[in-house]
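> Sequence:
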Amino acid sequence: MTKPVNLREISLGVMMEITEEEAYSHVVLRETLEKYQYLEKRDRAFISRLVEGTLEHMIQIDYIIEQFSNVPVYNMKPLIRNLLRISVYQLKYMDSVPDSAVCNEAVKLAQKKGFYNLKGFVNGVLRNTARRLSQVRYPDPEEEPLHYLSVKYSFPIWMINKWVEQFGYEMTERICRDSHMGRGTVVRCNLAKASVEEIMQDLVSQGISVRRHPYLDYALEIANYNFIGSVSAFRKGWIQVQDISSMLVSEIAAPNWGDYCIDVCAAPGGKSLHIAEKLMGSGYVEARDISERKVRMMQENIERTGAINIRAMRMDATVLDEESRGRADIVLADVPCSGFGVIRKKQDIKYKMSEKQQQDIIRLQRRILVNVQEYVRPGGTLVYSTCTIGADENQCNIKWFLENFPFRLESIDPYICDALKSRTTAGGYIQLLPGVHQSDGFFIARLRKL
Numbered sequence: 131m132t133k134p135v136n137l138r139e140i141s142l143g144v145m146m147e148i149t150e151e152e153a154y155s156h157v158v159l160r161e162t163l164e165k166y167q168y169l170e171k172r173d174r175a176f177i178s179r180l181v182e183g184t185l186e187h188m189i190q191i192d193y194i195i196e197q198f199s200n201v202p203v204y205n206m207k208p209l210i211r212n213l214l215r216i217s218v219y220q221l222k223y224m225d226s227v228p229d230s231a232v233c234n235e236a237v238k239l240a241q242k243k244g245f246y247n248l249k250g251f252v253n254g255v256l257r258n259t260a261r262r263l264s265q266v267r268y269p270d271p272e273e274e275p276l277h278y279l280s281v282k283y284s285f286p287i288w289m290i291n292k293w294v295e296q297f298g299y300e301m302t303e304r305i306c307r308d309s310h311m312g313r314g315t316v317v318r319c320n321l322a323k324a325s326v327e328e329i330m331q332d333l334v335s336q337g338i339s340v341r342r343h344p345y346l347d348y349a350l351e352i353a354n355y356n357f358i359g360s361v362s363a364f365r366k367g368w369i370q371v372q373d374i375s376s377m378l379v380s381e382i383a384a385p386n387w388g389d390y391c392i393d394v395c396a397a398p399g400g401k402s403l404h405i406a407e408k409l410m411g412s413g414y415v416e417a418r419d420i421s422e423r424k425v426r427m428m429q430e431n432i433e434r435t436g437a438i439n440i441r442a443m444r445m446d447a448t449v450l451d452e453e454s455r456g457r458a459d460i461v462l463a464d465v466p467c468s469g470f471g472v473i474r475k476k477q478d479i480k481y482k483m484s485e486k487q488q489q490d491i492i493r494l495q496r497r498i499l500v501n502v503q504e505y506v507r508p509g510g511t512l513v514y515s516t517c518t519i520g521a522d523e524n525q526c527n528i529k530w531f532l533e534n535f536p537f538r539l540e541s542i543d544p545y546i547c548d549a550l551k552s553r554t555t556a557g558g559y560i561q562l563l564p565g566v567h568q569s570d571g572f573f574i575a576r577l578r579k580l
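Going letter by letter, the sequence shown gives residues 131 to 580 in the numbering used here.
Note that these hints are calculated values from the structure, not bench results. We put the beta carbon where it would ideally sit given N, CA and C, even for glycine. A couple of the hints might just be wrong.
To be verified - 30 angstroms max Cα-Cα, derived DSSO-like pairs, lysine-lysine:
1. K323 x K249
2. K165 x K222
3. K529 x K292
4. K222 x K238
5. K165 x K243
6. K482 x K424
7. K292 x K165
8. K171 x K475
9. K366 x K424
10. K292 x K323
11. K424 x K171
12. K486 x K282
13. K165 x K238
14. K292 x K482
15. K171 x K243
16. K207 x K475
17. K475 x K222
18. K486 x K475
19. K323 x K282
20. K486 x K529
21. K249 x K292
22. K482 x K529
23. K165 x K366
24. K292 x K476
25. K482 x K323
26. K482 x K165
27. K282 x K475
28. K222 x K282
29. K207 x K238
30. K482 x K207
31. K249 x K238
32. K165 x K476
33. K475 x K551
As the list claims (entries may be wrong) - DEER-style ranges, computed between Cβ atoms:
34. Y268 x V135: 28 to 38 angstroms
35. V135 x G359: 16 to 26 angstroms
36. A322 x Y299: 42 to 52 angstroms
37. R342 x S541: 20 to 30 angstroms
38. Q489 x E152: 13 to 23 angstroms
39. D225 x A549: 30 to 40 angstroms
40. T448 x D347: 44 to 54 angstroms
Could you put the whole structure together from the sequences, leaning on the hints where they help?
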């Protein structure tokens with residue numbers, strides 16, 4: 131007889147991996163849901179919502195816990211800390227779960243995990259929270275505007291400070307608010323395999339909601355499916371999960387028939403596959419990344435889509451590849467970054483990044499650029515991109531690059547829709563912002579080698 135599965139215990143285990151073992155939330159959650167594929171869709175959705183929701187609101191949740199606990203959150207035992215977090219999330223954001231069930235299940239879990247002596251503490255904090263949740267006093271937006279944004283939207287105060295300095299208070303709030311907005315999954319249609327209409331019909335036949343994206347005619351937003359591996363269009367290689375911002379990189383790269391292209395930080399391979407598709411079987415794309423695991427993942431996507439003019443290979447972008455000097459028509463440098471543009475999908479990013487780490491990342495980005503600019507042939511194209519917002523990793527890097535290497539910015543207006551055109555796109559780059567554009571936060575610049 132199969133042993134019953136405790137959904138809260140699974141969620142607690144995922145939270146422990148993310149917060150205490152520095153695992154990536156999207157990776158741990160994906161692996162967990164694959165492990166429990168046999169569960170009903172409703173149960174899998176409960177796990178996803180509990181983990182993602184707790185991460186999404188964690189600063190606010192910790193603020194609430196400390197209203198009712200005489201022990202600061204970060205002085206608690208890690209398991210107790212995370213148990214209280216997922217429980218307070220249920221009390222505040224999951225109306226369908228009775229408060230008594232939340233408290234009782236948390237006490238049982240504390241005891242089951244060996245914290246019998248702390249079950250009274252867990253019970254006391256949660257029952258007080260349940261009774262007095264509506265009485266919690268949050269920071270005043272007039273007296274403490276930055277603290278207010280930090281607690282309301284669960285963003286670290288240093289991040290709020292940085293964004294307010296660059297974007298202003300109202301825009302910062304729009305960016306923070308957008309991280310709490312749910313959206314469907316954006317996919318790119320593989321036009322080498324099927325037409326957009328054929329793909330849409332196939333998706334709808336499975337009961338999946340489909341909406342065409344306004345920025346690109348081959349991009350779709352889908353919802354109401356269990357997991358992507360169960361979607362027939364995905365299994366057949368007709369669609370690739372890829373945000374619209376990532377698709378715009380390949381549009382702006384604009385490969386010509388027969389081009390040799392290098393994607394230096396390619397995993398999971400969406401941009402490389404997109405370039406290969408736009409080459410219509412001609413040319414050659416090298417999809418490079420540093421880890422064997424990522425290379426295997428890219429190879430699986432290549433095989434699933436049936437692309438013939440692309441190869442996944444392991445290579446470190448910080449190490450100069452002498453054989454590639456001056457050979458590439460196009461180099462994509464979608465470099466490692468702080469990831470602030472994709473917090474809506476990866477909420478743990480905002481807790482794991484610090485100002486010092488961001489400065490380390492900028493140095494890494496420049497090391498990569500020093501190498502990969504060597505690969506671009508004279509007259510060739512370098513496309514620099516990040517999935518973050520903020521000038522220090524984007525506009526400042528481009529300014530530094532142009533001061534040190536023989537490149538010039540080129541207008542990207544010929545490659546984007548009218549809704550995205552602006553003064554900066556005419557000048558060679560675009561900064562997509564959450565809450566402003568219908569996409570992730572993303573930066574893309576097109577540079578021509580002189």
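> A separate judgement is required for each hint: does it hold in the structure or not?
Checked hints:
Restraint check: the Cα-Cα separation between K323 and K249 comes to about 57 angstroms, which exceeds 30 angstroms; the hinted pair is violated. Taken as a hint, the K165 and K222 pair is honoured in the structure, with Cα atoms around 29 angstroms apart against an allowance of 30 angstroms. For the hint pairing K529 with K292, the CA-to-CA distance comes to about 20 angstroms; that is within 30 angstroms, so the pair holds. Using a Cα cut-off of 30 angstroms, the hinted pair K222 and K238 holds, with the two alpha carbons roughly 20 angstroms apart.
Straight-line distance between C-alpha atoms of K165 and K243 comes to about 21 angstroms, which keeps the hinted pair within the 30 angstroms bound. Taking the CA atoms of K482 and K424, the gap is about 21 angstroms. The hint holds against a cut of 30 angstroms. For the proposed pair K292 and K165, the alpha carbon gap of about 39 angstroms is over 30 angstroms, so the pair is violated. Distance check on the hinted pair: K171 and K475 sit about 20 angstroms apart at the alpha-carbon level, within 30 angstroms; holds.
The hinted pair formed by K366 and K424 meets the criterion: a straight-line CA distance of about 21 angstroms does not exceed 30 angstroms. Between K292 and K323, the direct Cα distance comes to roughly 45 angstroms. Violation of the 30 angstroms bound is thereby established for this hinted pair. With a CA separation close to 28 angstroms, the supplied pair K424 and K171 stays within the 30 angstroms bound. Distance hint between K486 and K282 is fulfilled; the C-alpha atoms sit about 25 angstroms from each other, no more than 30 angstroms.
A distance of roughly 24 angstroms separates the Cα atoms of K165 and K238; the hinted pair therefore holds under the 30 angstroms criterion. Taking the CA atoms of K292 and K482, the gap is about 16 angstroms. The hint holds against a cut of 30 angstroms. Of the supplied pair hints, the one linking K171 and K243 holds, its CA atoms being roughly 27 angstroms apart against a limit of 30 angstroms. About 28 angstroms separates the Cα atoms of K207 and K475, which keeps this hinted pair within 30 angstroms; it holds.
Distance check on the hinted pair: K475 and K222 sit about 21 angstroms apart at the alpha-carbon level, within 30 angstroms; holds. With a C-alpha separation of about 23 angstroms, the suggested pair K486 and K475 falls inside the 30 angstroms cut-off, and the hint holds. For the hint linking K323 to K282, the alpha-carbon distance of about 45 angstroms lies beyond 30 angstroms, and the restraint is violated. For the proposed pair K486 and K529, the alpha carbon gap of about 21 angstroms is at most 30 angstroms, so the pair holds.
A C-alpha spacing of about 40 angstroms is found between K249 and K292, which places the hinted pair above 30 angstroms, so the restraint is violated. With a CA separation close to 28 angstroms, the supplied pair K482 and K529 stays within the 30 angstroms bound. Between K165 and K366 the CA atoms are separated by roughly 23 angstroms; this keeps the pair inside 30 angstroms, and the hint holds. With a CA separation close to 20 angstroms, the supplied pair K292 and K476 stays within the 30 angstroms bound.
Distance hint between K482 and K323 is unfulfilled; the C-alpha atoms sit about 40 angstroms from each other, more than 30 angstroms. Of the supplied pair hints, the one linking K482 and K165 holds, its CA atoms being roughly 26 angstroms apart against a limit of 30 angstroms. Simply put, K282 and K475 have alpha-carbon atoms about 18 angstroms apart, close enough for the 30 angstroms limit, and the pair holds. Restraint check for K222 and K282: satisfied, since their Cα atoms lie roughly 13 angstroms apart, inside the 30 angstroms limit.
The suggested pairing of K207 with K238 holds, with an alpha-carbon distance near 16 angstroms, which does not exceed 30 angstroms. Restraint check for K482 and K207: the C-alpha separation of about 19 angstroms stays at or below 30 angstroms, so the hint holds. Proximity of K249 to K238 is assessed by CA-CA distance (about 8 angstroms); at most 30 angstroms being required, the pair is judged to hold. Only pairs whose Cα atoms come within 30 angstroms are accepted, and K165 paired with K476 is accepted, the gap being roughly 20 angstroms.
Restraint check: the Cα-Cα separation between K475 and K551 comes to about 26 angstroms, which is no more than 30 angstroms; the hinted pair holds. Range check, Y268 to V135: Cβ separation about 36 angstroms, and the 28 to 38 angstroms hint holds. Our hint of 16 to 26 angstroms for V135 and G359 holds, since their Cβ atoms are close to 20 angstroms apart. Against the hinted window of 42 to 52 angstroms, the Cβ-Cβ separation of A322 and Y299 comes to about 47 angstroms, which satisfies the hint.
Take R342 and S541: their Cβ atoms lie about 26 angstroms apart, and the range 20 to 30 angstroms holds. Distance hint check for Q489 and E152: the Cβ-Cβ separation is about 19 angstroms, which falls inside the suggested range of 13 to 23 angstroms. Judged by the Cβ atoms, the range 30 to 40 angstroms given for D225 and A549 holds: they are separated by roughly 37 angstroms. Separated by about 37 angstroms at the C-beta atoms, T448 and D347 break the suggested range of 44 to 54 angstroms.
Violated hints, in rising order: 1, 7, 10, 19, 21, 25 and 40; the structure is consistent with all others.
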